[in-house]
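So the chains spell out like this:
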Amino acid sequence: MATRKATTVYLYELAWILPSFAIPVGMLVALVVTAFGAGIHLPGQERRIDPTKVAETAPFDTPGLVELAPGQYEVRMTAQIWAFAPNEIRVPAGSTVHFWATSKDVVHGLLIPKVHVNVMLLPGQVAHAVARFDTPGEYPIICHEYCGIAHHTMAGKVIVEAAR
Amino acid sequence: MGHAGGMRGHASAQSGDVGGMGGHLGAPHVGWRSWVTTVDHKRIGILYGVSAFVFLLVGGIEALLIRLQLAGPGQAVVSAQGFNALFTMHGTTMVFLAVMPANAAFFNYIVPLMIGARDVAFPRLNALSYWIFFFGALFLNASFLVGAPPDAGWFGYANLTSKQFSPGMNVDFWLLSLLVLGVSSMIAAVNFIVTILGMRAPGMTLMRMPVFVWMTLVVQFLIVLAFPPVTVGLIFLMFDRFFGTHFYDVAAGGDLHLWQHLFWIFGHPEVYILILPAFGIVSEVLPTFARKPLFGAPVVIYSGVLIGFFGFGVWSHHMFAAGMGPVADAAFSIATMLIAIPTGIKIFNWLATLWGGALRMTTAMHFAIGLVGLFTIGGLSGIMHASPPVDLQQTDTYFVVAHFHYVLIGGSLFGIFAGVYYWWPKMTGRFLDERLGKLGFWLLFVAFNAAFFPQHYLGAIGMPRRIYTYAAGTGWAFWNLVSTVGAFGIAVGVLVFAVNAWRSLRAGAPAPADPWDGRTLEWRTSSPPPVHDFDEIPAVSGRDTFWREKYGPRRGAPPAPAHDHVHLPAPSHWPVVIGLGIALLAVGALTHLAVVALGALVAVVGVFRFALEHHRTPAHAQQIGSLGVDHRKVAMWVFLGSECFLFGTLIATYLAYRGRSVVGPYPHEILNIPVTTLSTFDLLMSSLLMVLALAAVQRGDQRQARLWLFGTALFGLIFLGFQAFEFTTFVHEGLTLQQNLFGSTFFVLTGFHGGHVTVGVIWLLSLWVLALRGRLAPVDAIKVEVAGLYWHFVDVVWIAIFTLLYLIP
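In order, the protein sequences belong to chains A and B. What the first sequence shows, in my numbering, is residues 267 to 430, in sequence order. What the second sequence shows, in my numbering, is residues 17 to 825, in sequence order.
Hints were generated in silico from the structure; no laboratory data involved. Treat each hint with caution, since some may be false.
[Unchecked claim] Some residues of chain A that are not near chain B, with every Cβ distance over 12 Å (derived): (1) Leu-280; (2) Gln-338; (3) Arg-356; (4) His-374; (5) Ile-408; (6) Glu-411; (7) Ala-428.
[As the list claims (entries may be wrong)] Calculated lysine to any residue pairs in the SDA-like style (CA-CA distance at most 20 Å, straight line): (8) B:Lys-179 x B:Ala-164; (9) A:Lys-423 x B:Lys-179; (10) B:Lys-799 x B:Val-678; (11) B:Lys-179 x A:Gln-346.
We put the beta carbon where it would ideally sit given N, CA and C, even for glycine.
Okay, chain B solo, but in the shape it has when bound (with noise of 0.2 Å):
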């Protein structure tokens, strides 16, 4: 396989030497604008875990204020507004910004590592998910420097964040930043379960993969699956602050509970997309310092697997008190409780396998182990709130305030440092100081407590979430001044770590490959690993390979392993122009239509330079995975998967709100069923077309590819044109997006589709272009597959909105 990009990654390979973050990386690899283009998934993992840090730091220095304000009654550190932006930015920038994008860092560094890839199955794609995340995250904190940071609470609860009621640029920042860290969030979770599905090095099936690369898993699917509904629901709220819809309007026929539900449906899972990462991490660490291998493995995996399923079950018990009726009440109260039966198991299992072990009590053991503790009260804190009649006296008060940092800091942060002391030398090539990474732990562990228990009290006596202040008779003075100081308390400990990890990269001791008799592929490779990860692809005999490999007993002959040539994309800096387009996106909406041309004039252009810039390198024609199957199909099933989850949403909004307009023009007025039917048609036909399309591709036909290709394209033109009819009629005759709740949900539904015939329209028309410069061989018919897929998948939506829209009255 010859290679055109793969010149440079032989180059560096060749200096294997181990120092400091860069000190593995070769000649052409230095300077920043190698960080920018690089596709690297292990400079891609820093990138992630150094932004997590800073941002972690940001969100810190917003605790610290709070808490200085809440420490005595009657205080003024701040304003009373920039107190609420405090709270708010807090909550968005840990979950956002700091907690997910650090499991992210693990995700890119360790995964590929531990299946024993060469990188990701997209490595372009995974740094455009990197550097849309970066904007995302500038773009929100640039809310402070025109003064107008958030303050809608980080679930911002409609109807306060409506126009009416939040009339600054405040929410605006919110929303466009979560929407596009959202489409990061949503391009690397394909991007891994593409990876961990079809990357795997021979021999590892599924259950011998290690239990951090299943709850990798996990936790995409979770994220493919729950980011549609919030997405959804924020397109609502920009609607309505943008266009005057009537998604969030109450006196329009609008409920609010459909804000909650949506965000809540994506909210529940998101506590399981913090924490799975971090229970896959202690699955790691206890078994390697406990020299045993983890007790019940395949019953951790299932468990975290049934977490998932769950996960999607519970979200309405942040809502017992919004009055959904005792039916409901009562399903997801079961649920909750269910949830903690998988979640028990795998605390359990965790001690049998610290039992009788030859335990090494490291600073990553110290964080393990303090996981399982903190944890366990952050979840026994938790079934309490499927008690609807306990969740009442606790809902919105500090209860809950202490259990989501238990489970957060305890739970996910908690793993997050016991990754970073474990895998460390990994990265770096150099250990941390052992006796100050004990010092943190103590520091953090005594502090966290200090600052957090007593908030269970504080919520019991009555203290509400998000008050600026309190009156001194309360009673709740004293528990805040601790709280307070536990609080400075966390903030040294972080401090210990980050003077530690300054040390260790400066003079740190140098780390062999296997530092701490490790059991997983990771540790087969040198500290840090070479640009290509592994000289040879390992051979898989079974769970914890490498310890087998090292101590036997093997199961059966090892497969061989896999003497491919190493081919290494070439850095690429269309990831970055991407995402710069899409901040101007998000820039312009605030402040100019221009602005918002121009960004969507630089984000289509990186998007065709990106996605032809490999269109003729031979080594990248090919992308079967371990599956069997083109990793850029996968990856467009598991897309599709997410958008049935997003027009599923729409289309259960427009049901839920069916007859709710208290104005006309109604539906039935005003649908014309036979021209749609025609449009319909015309649509299905367009499918036929494509399947003509993809087979005169794949056996050459450049003549039919032509025809066929254009064909489609034209009948999805077709159908847009009597979209557009249609609305033009609709506006005529008085229904716009602003006339009422029917022509908010249908216009928003229906335009969807639309935008989504267009993007295909787009796509064929760039296919067929391609063929008509003779650029679309049989060997690309992968690329018009995958384009079917999708218009396939946009054809059988229509026929869903088609029969619940127009022929269900």
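Chain A with its partners taken away, still in its complex shape (with noise of 0.2 Å):
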């Protein structure tokens, strides 16, 4: 392998070189792209509350969905164990919805698969994700953070109606 040709780069060593490369840089556009591209932005901690008066607290003391501007939607959701509330929702296609919600026990999740719905809520903390529901059809909420016994009941749905 030692002959002196030292300046000479083999193919096979091209073969690991460029992949090395590509792959950061692959990954660094990935990160750019669903980050700015596809507005998909971390949950940040917006608010805090007392998770013993959520009921009395707004936006929680009028909860559900509530339209803000036409395709625009706000849904006010609390979780306990296990179910949440509001676990049902209806919005036409094509719209946005803001979701704020707390927990009012244990730590759960909201997963929301096929829209960038994924926040842990946390009791004491109000969480914000944003998703545009564009294909008219049911999109499961799932709670994904181990919260109990029925934590595998714990779910509800968005229904994406045709846009009349």
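Both chains come to you apart, so use the hints to assemble them.
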């Protein structure tokens, strides 16, 4: 192997070197595209809330789906063992839905596969997530943070209706 | 050097017959009692290995039940409660009772041989850590017998673990056994750090150490520094559940991020605690069977150390969905991407080691190469988690399950199997059957991929973790079935290994000392090695020293081998007694206070007898290692390092929770600074007396030694008196553990410090009693010095506590 053609880059070396550049570049591109292009942002800690007084604290004193503007909805959602309230939401296709959610007891999760919602619901903390529902159909809402014996039953759904 | 304890060692050393597992152990070393009292690192290694395999089977059966339940939609093989217990126990068992002790088996058996030592630095402590592990493991699994197996998940997210939501004993079993197992790991880690740093054969510089020894060293440091935070987290949980504090009580002002941080700051280094030993094993197996030195060995070592460092800076990528804010997310995201670099370096170095080598495709080599491939898959899916937007799609889905099984089975378990097939002939003196071995490998390899590759896809289409069952319309059924079939294939693979092991022990082909044409020192002694490991401590002339000895070239003249007298420590039954005492403590916590008292009594008596067992054994007087420092001193420094993390976590929690109490009394209303200033002064002055005491013992001045030792203890007692006065005053003014968050954090932090002072006072008084009886000669000064290090540390910690709690409002 040690013949002194030191400057030549062999084909098999290139085969290793190029992918090792391509992988990080690809990852960085994926990061930028998902963050800015697809608008996926991490959940932040929006505000704190007393978990024993959720029902008396705005906005959870008026739970449910609220239409802010045409195609713009807000859901005030509470999680408790082992249910979401509300657990069924109907919006027309093309709607953007803001989820404001918190937990009344233990740590729950809010996962809606296919749209970009995956956030922990910690008691004492209000979580915020945004999703846009373009395709009509049913989207399951799943609690994906283990929360006790009936964890697997804790689910709801978003029903996206074809636009009239 | 005379030695009372060495006689039995000599007797058995003469019987060098090669037989089954116990064949090399001479006449006095037979029967179950010899195993219970053994302090031989090789026997303790075998004990760890057998225990690990038993718990691998237990955890495996739990996994099979989980997979049966999930094989199709809407099944009810087990109850929902049972399912939750199964996945909790599966995770806890595999991490703490299977993979960690399997690694410990290799640390124990192989590391002393690789560095050319006759045993570890503290053989009895080594036995102690095994027995604490043993009782902790039994205690955890005893939960099945009383029908209360832990069911809160292996990372037990607060506040599901609180008394309100988990009222049964389930979580108590989990947290108590984890505390017990943590003590065991900590003792072992201190022991191996001292062993590796202080007991290397002449000529074995740090950079000449085999890579497996290096990875062991890194892992021990990770254990020493990562276990304190989770220990503190578990102690908070214990106080919440047993004494009504508010650490994980959101309504009282607590924040549930606390547990997640404390758990994952341990939990992520734990991943490297599980995988780095496997990296070490592969770094030994590949060069041996490629007949080439490890490519870029120093870089492999450095990258292992770097992984250890970075491992502490990435824990929050487990919490991207928990809402920590963009700055924390970005920092942990970048750190997580960085840790892939040293890991990638290792992979490429292993590939370069294979390149152009004369490969011998033994079973061990199969598993090692299997690891390189499978771990790379697990590593790649790991880097994906570094990117928060991607991670958001995967958090708590089966994608994560697939990822960490690729790392822990494809990585750790394949590494462990490589190690078993590689070192089995050394440990037993017999070969494992290669044909059965390769059959087992291919079974495991195919079945493992069938079981876990589909889970990537299941996660991507939204199947969450830890669900008891799922509906038929989800589209998850087919791949779940495939996964279940794969899991049973893995079980068959493990069974094939068990058959192979059984056949080898009964009638395997005898193995010579150096069956693989090895490169490191363990192959230089017989298979299995004599009780004293080496007749003559070998001299080391470079990395792969045994290879150089066989084939050259040597670098320069080798240092002279050490012709020391063989001293083997006598068996001791105090380790198992102390372990039993600790087990009784845990049992008592769940049953009756009287059992706690009994357990404490047994443990304390055990500790005293343990400490004094060899007080007058001359061979134990000098323990100067190759660093030129006494082993006991190095051990104390390492222990104090972990104590820094323990108190650091306690203090950080106090600061994080400062000002969050929702009811009074508040700190400024209650803290009495003038009185505490007095007690602080008293404690600091005791350090001065401690220095005088040590000086007196060193120059053999019995009268002064007694005076100052007692004085130090007395000042400690005065400090404790102040603390008792302070605590009672506070309770009268309405501040209790249960009153508010301030009370919880204040009493637990200062109470822990007070507990450390109490231990120090007892220690000093014991030394004082020894001095009164004239049993504290200048040769014993090291014992006073070690106690002094501890005492000074406790004083220094108080300065930090006094400043941060009392002086800074």
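How the hints compare with the structure:
no. : hint                  : verdict
1   : Leu-280               : 15 Å, holds
2   : Gln-338               : 22 Å, holds
3   : Arg-356               : 19 Å, holds
4   : His-374               : 10 Å, violated
5   : Ile-408               : 5 Å, violated
6   : Glu-411               : 6 Å, violated
7   : Ala-428               : 20 Å, holds
8   : B:Lys-179 x B:Ala-164 : 14 Å, holds
9   : A:Lys-423 x B:Lys-179 : 32 Å, violated
10  : B:Lys-799 x B:Val-678 : 48 Å, violated
11  : B:Lys-179 x A:Gln-346 : 17 Å, holds
The structure is inconsistent with the numbered hints 4, 5, 6, 9, 10, although it conforms to all the rest.
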